[in-house]
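*Asks:* Protein chains in written order, with the working numbering: chain A, 1 to 59; chain U, 1 to 254.
Misleading hints may appear alongside valid ones.
[What the hints assert, rightly or not] Listed next, the stretches of chain A that the computed footprint assigns to chain U, with coverage defined by at least 3 CB atoms under 8 Å from CB atoms of chain U: (1) 16-28; (2) 31-39.
[Claimed, not checked] Cβ-to-Cβ under 7 Å is the rule here; a few derived chain A residues that face chain U: (3) H6; (4) F9; (5) G12; (6) S13; (7) L47.
[To be verified] Where chain A lies over chain U, by a calculated footprint (3+ residues, C-beta under 8 Å): (8) 13-23; (9) 54-66; (10) 104-116; (11) 234-244.
Treat the hints as calculated values from the structure; they're not laboratory data.
Backbone N, C-alpha and C fix where the C-beta goes; we use that ideal spot for every residue, glycine too.
In case you want the letters, here they are:
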Amino acid sequence: MNLGEHAGFIIGSYAVAVVVVILLFAWVALDFHAQRRILADLEGRGLTRRSQRTEEGNP
Amino acid sequence: MALIDLANPSRFLAFAGRVLPWLYGVTAVAFALTCYRLFTISLAPYEQRQTIEIMFIHVPTAWLGMFGWAAMSVAALGTLVWRHPLADVAAKATAPVGAAFTFVCFVTGWLWGRASWAGGGNLPLEYMVLDARLSSVLMLLIQYLVVIALVRTIEDPARAARAAAILTLAGAVILPIIKFSVEWREGQYTLHQTSSVFVSGGPKLDTPILVTLLISTVAFTLLFVTLQVAAMRNEILRRRVRSLRLMYADERPA
């Protein structure tokens with residue numbers, strides 16, 4: 001593939017897109033694990049949502 | 001499961017858990033197909049053959065940047081009219097994804113403009129050929145950043161949601177401005193070409209380019225949806241963390 005005299009512009013465009021997509025995936029993955037960890041920690045202390053208590057027969 | 005059932009946060013979490021692995025897979029396949037087309041398409045017969053490569057990123061991200069704001073506007077109505085909690089979750093989760101796509105659209109448009117239209121100097125701002133389309137996309141990017149900042153600034157989620165919803169609806173005026181910026185006073189304030197795909201009489205693009213562009217658009221759309229669903233799941237979990245913390249604070253002896 002010959003990108004010619006505009007190679008810098010094309011490679012720059014694709015590089016920006018790839019970096020942004022990687023950052024977005026990293027953001028959602030890290031955020032998901034962080035929220036899951038905090039929730040597990042809070043539930044480990046015996047805190048549950050009211051709807052969860054009702055489901056477990058523990059009003 | 002009816003679509004309306006997903007408006008319940010717990011059901012949405014279960015749905016997201018089931019659908020996300022499939023979305024990741026289908027998105028990866030769509031991007032693999034896009035890459036195959038990019039490496040095999042022959043652009044030799046075209047006048048601006050090299051910069052056409054940029055179009056396969058620039059055009060889908062432009063559409064999705066605008067789609068993101070339109071989706072946030074619909075969610076804003078859900079927040080203001082029906083006060084539905086999932087509408088606010090959707091709006092808050094869409095803003096960073098829409099901002100990222102708009103950023104890619106802006107940077108690729110800037111580089112494409114520089115390569116095609118020339119002009120400007122060597123400093124970053126001189127380097128930029130700011131035409132009406134590029135300027136209005138920059139405005140959209142700024143709007144996304146303002147909404148994200150506003151939501152983070154206001155501590156009460158309900159107040160933050162209402163303020164962001166009003167700003168989003170007011171900001172929706174940018175969408176027709178972006179769309180028609182290349183048609184109003186064409187040639188005076190813009191160097192950007194007019195629409196080549198959705199035009200009366202059919203697309204102006206040749207079939208190989210059009211097919212590659214459509215495949216690339218499908219890939220980016222799947223990526224957008226995947227990230228949005230994942231971000232919405234995170235936002236629902238964040239709200240559960242917040243309510244449990246508040247409950248913990250209430251239950252602790254003073």
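*Asks:* Confirm or reject each hint.
*Replies:* Quick rundown of the hints versus the structure:
no.	hint	result
1	16-28	holds (count 9)
2	31-39	holds (count 6)
3	H6	4 Å, holds
4	F9	4 Å, holds
5	G12	6 Å, holds
6	S13	4 Å, holds
7	L47	5 Å, holds
8	13-23	violated (count 0)
9	54-66	holds (count 4)
10	104-116	holds (count 7)
11	234-244	holds (count 7)
Violated hint for the displayed structure: number 8, the only one.
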